[in-house]
Amino acid sequence: MRKMKKLIPVLAMGLAIFGSPALSDGKTADEILAFGATTYKQFCSHCHGLNMVNPGTSSYDLRRWPRDNREGFESAVLNGKGDMPAWGDILLPEEVEALWHYVATRAGKEPLPEDSAAMEGAKDAPLPQPELIRDGTLHACLARNGGVMSAKRSRGGIGIDHDIAEALAAGMGLDFVPVWFESEQEEETTPVKDTVALLSHDLCDIAPGFALYQPALSQTPGDRAPLPRWEDRPEHMDQRYQVDLRPIAVSDPYARMEIGLVYRDGVEIGPIETVADLEGLKLGLEQGTLPGVITIRQGTDRMVRDADTRNPGPQFLWEMEEGVFDAALVTVGAYDFHRRQNLVSVLKLHDYRHPLGFNLGVAMLGGKPGLLAHVDAGIAALAASDALAPMAARAGAHYAAPRPPAVQPRLSLRDIIALR
Amino acid sequence: MKSPSFIAATVAGLLLAASASAQSEADLRADQSTPGDVLVYGMGYDQTRHSALDQINTANVGDLSPVWTYSLSDGRGQESFPIIHDGRMYLTTHNSTIALDAATGRQIWKTMLDYPAETPRVACCGIVNRGVAILDGTLFRTTLDAHVIAIDAATGEEKWRTNSIDFKSGYSMTVTPLVADGVLIVGISGGEYGIRGYIEGYDPATGERLWRTYTVPAPGEPGSETWPEGDAWERGGGPAWLTGTYDPELNTVYWGTGNAASWNAGLRPGDNLYTNTILALDPKTGGIKWHYQTSPNDPFDYDATNELVLTEIDGRKVLMQANRNGFFYVIDRTDGKLIAANPFVDRVEWASSIDLETGRPNHTDIYTKAVAGEQVTYWPSAFGGKNWAPISYDSASQTAFINTFRIGMNYKAVEPQYRPGVFYFGAEFSWDWPEGHRGELRAIDPMTGAVKWSQPSDIPRNAGILSTAGGIVFTGAQTGEFEVFDADTGEKLWEYFAGTGTVGQPVTWEHDGTQYITMLAGGGAVYSLFSGDERLAAVPTGGSVWTFAVK
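Read top to bottom, the protein sequences are chains A and B. For the first sequence, the working numbering begins at 2 and goes up steadily by one. For the second sequence, the working numbering begins at 4 and goes up steadily by one.
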């Protein structure tokens with residue numbers, strides 16, 4: 002239990018450090034339906050019956066739901082209807098979509114109705130108006146100390162999070178207004194909480210660099226939270242000032258944060274398939290971070306015993322630079338940042354990537370379907386024109402494209418041990 | 004120096020003084036022998052639901068007629084156990100607490116409850132409440148969003164309210180509290196949501212929590228050796244959603260716990276104490292005196308939460324349970340030693356028998372395959388050989404009356420996905436329907452499981468049972484009938500159509516020389532929601548209270 006408790010903040014922290022891309026739009030109808038069936042069972046079956054069969058007395062018989070009323074269905078699911086509770090703060094957009102497929106096809110027994118098919122095909126139709134905090138502008142919350150992902154420059158900013166926000170604004174024909182904030186690793190807060198607090202306070206329309214990790218999406222990280230420091234923050238809004246947290250929505254992913262192996266130039270590295278293959282290297286272990294946890298949980302006993310455990314932070318890679326140890330698992334973003342800050346370096350990034358990674362998307366408040374549609378369309382356009390990797394390169398960062406599943410399901414310690 | 008007789012007289016005087024105050028614990032202990040009131044869930048601390056009243060009997064029950072009816076203004080399943088004291092009847096729904104004039108059905112007060120609109124998400128099997136406990140002029144109930152509340156019985160005003168836990172991650176309460184040795188005891192629901200179950204004791208005067216006994220131990224605690232290393236225990240299940248039984252003589256509370264979570268037992272090798280277990284607790288501290296686990300490492304959702312009935316058989320103090328797993332257990336309540344365990348339904352296929360020496364099931368290969376992740380069909384289903392609805396027990400004829408289920412399940416364990424406040428099954432499943440009827444009201448011998456008689460129904464009955472010295476058995480059907488059967492022969496003697504399904508708990512009581520039977524009507528809850536039985540489409544919901552007498 003002690004381990005588990007530690008792991009959660011570690012995940013949240015690990016997420017803050019990196020970033021990367023894209024969603025699985027390529028699902029077949031069968032896949033969407035299967036996802037709908039799973040989602041239905043988990044969220045709906047206890048009232049509406051296994052496989053959507055029920056007498057319709059204690060609760061609504063969904064087989065009677067008008068198949069041309071997708072909008073009403075989504076509204077009932079998100080906001081509740083009669084005795085039915087609202088699910089808007091917990092269901093993900095792709096889950097709501099899959100549920101509609103499941104219900105509209107009567108659990109796959111009938112074809113998807115014309116109307117919903119037409120809606121599917123309506124992608125060319127003009128998108129709804131984006132919901133903005135100020136007309137004509139797109140405000141984006143960006144960490145001014147966000148490593149290679151985002152950093153403030155005397156004029157403008159740099160990093161893929163900054164660049165993608167700027168490009169999205171341009172694509173929507175809006176003025177781009179960055180809202181720079183300080184990402185602090187306070188005891189009481191996490192990057193996720195900071196982002197949700199900033200959005201809930203209507204400081205910005207979007208917040209890029211949000212790690213798509215299901216527990217962070219399925220419910221708000223508490224009821225209230227303080228705001229991180231941002232430029233122009235009024236005096237009275239210090240840590241004692243708390244905002245009510247509101248449900249958020251996230252876009253399709255645009256990049257992926259990965260974990261790699263960094264080593265000192267000249268150290269012999271054999272072929273690596275699993276973390277256990279690192280045995281024999283003089284390893285450093287960055288305490289309290291996700292790569293550190295992976296090293297402990299997946300390494301051999303000997304490896305862990307012999308590893309050099311160090312405090313987390315930028316000095317960790319410096320210690321390797323100075324020869325305290327020869328190799329370590331770290332996030333690719335942390336390595337990139339170190340290299341940018343230290344033009345002369347003996348550290349190298351190996352081709353090995355750990356299978357665990359997190360896709361990054363753009364966060365915004367829930368209930369803004371127009372804004373979400375514009376951001377998703379913008380990301381798709383940027384991905385299609387191969388514009389994302391150059392944004393990362395401009396900041397000296399490696400770019401990794403997102404991988405399915407778009408949203409990483411909750412990880413338990415067991416999962417981490419099992420991942421290879 | 005005072006003589007012994009003087010001391011005895013003083014003590015007797017004190018006892019008299021105590022029993023003169025309203026619904027003291029002495030009154031609760033005497034409930035079984037005071038037919039003018041119904042003070043304890045299960046009609047007395049032994050939970051036999053058997054009454055000595057015989058004015059309504061096999062000879063005249065044909066003339067049983069409604070005396071009054073009262074609308075609950077609510078479409079949920081109605082499972083509340085009526086408490087009757089001093090001419091008043093106290094009832095609950097999921098969102099109200101109600102006091103009626105017991106003789107006329109007129110409302111004295113009704114207090115509405117508010118809970119967050121999201122709460123029903125975490126109720127697996129129906130938005131229900133099972134009633135109040137009463138002590139010293141105060142009523143106690145639980146709420147769906149996991150609060151324990153004290154209410155002034157005279158006015159309906161809230162006296163205190165304590166939040167047990169945040170409901171959002173899957174915790175809820177439907178249980179009727181139990182008063183035992185001055186402590187108010189409740190159990191948590193949520194076995195299908197990856198909770199960590201517990202039973203709690205509260206101070207009835209203040210609402211202060213006195214103790215909480217987790218049904219899944221943390222690493223290092225006794226029983227933790229029956230869980231794998233890792234974090235499985237944090238979401239290990241073991242809810243305690245039905246009311247336990249208090250034995251004043253041994254000053255022990257018996258409380259059953261539910262399934263381990265997720266259902267995928269292969270992921271939690273070990274017995275997984277104290278899930279699917281009958282616990283004997285010290286009411287003052289919550290300390291575990293002994294435990295008996297009915298379904299170790301359970302993949303089938305075989306809760307051991309069903310009511311624990313106290314009686315004496317062959318001079319031994321025993322407790323009995325018709326368990327979801329299909330076995331009827333008779334256990335020595337002084338030490339938890341198993342005396343008898345026999346199937347009370349025809350198809351029990353997960354175990355061939357229970358070893359009387361070790362108390363452990365002799366598993367069949369259906370169990371082994373299910374745990375290994377293979378597709379199986381098992382009987383009885385997760386509904387159980389019997390679901391939640393309580394049995395009655397007549398000690399004179401040594402007969403238990405049970406509403407049994409005749410349904411199996413197709414099942415395959417899969418990797419569970421945990422998300423707070425959402426189903427955490429770890430299994431794919433569907434029902435294995437039998438040819439013909441799906442339920443039987445049965446009269447059985449608890450020591451042998453021998454069936455004395457059986458009354459089938461197409462749709463299983465899921466209401467409680469009342470038996471009386473008048474030789475009758477009273478229950479209800481999900482198709483809407485209140486029913487009376489002959490306790491000896493099983494012959495149906497009477498029925499009355501309530502206009503909605505019934506899943507309530509009948510009680511009987513006496514007022515001004517007349518015997519009454521009261522039960523709630525109002526279809527819904529687990530079978531209606533989960534089975535997909537479309538034959539119930541013609542039976543509307545809508546809660547009401549019915550009181551009958553022979554006029």
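Because the hints were derived from the structure by calculation, they are not lab data. Just to be clear, a hint being listed does not mean it is correct.
With a straight-line Cα cutoff of 20 Å, these simulated PhoX-like cross-link-like pairs (lysine-lysine) come out [to be verified]:
1) A:349 x A:283
2) B:171 x A:42
3) B:372 x B:340
4) B:113 x A:42
5) B:372 x B:415
6) B:113 x B:162
All of these numbers come straight from a predicted model, not from anything done at the bench.
Hints the structure fails to honour: 3 and 4
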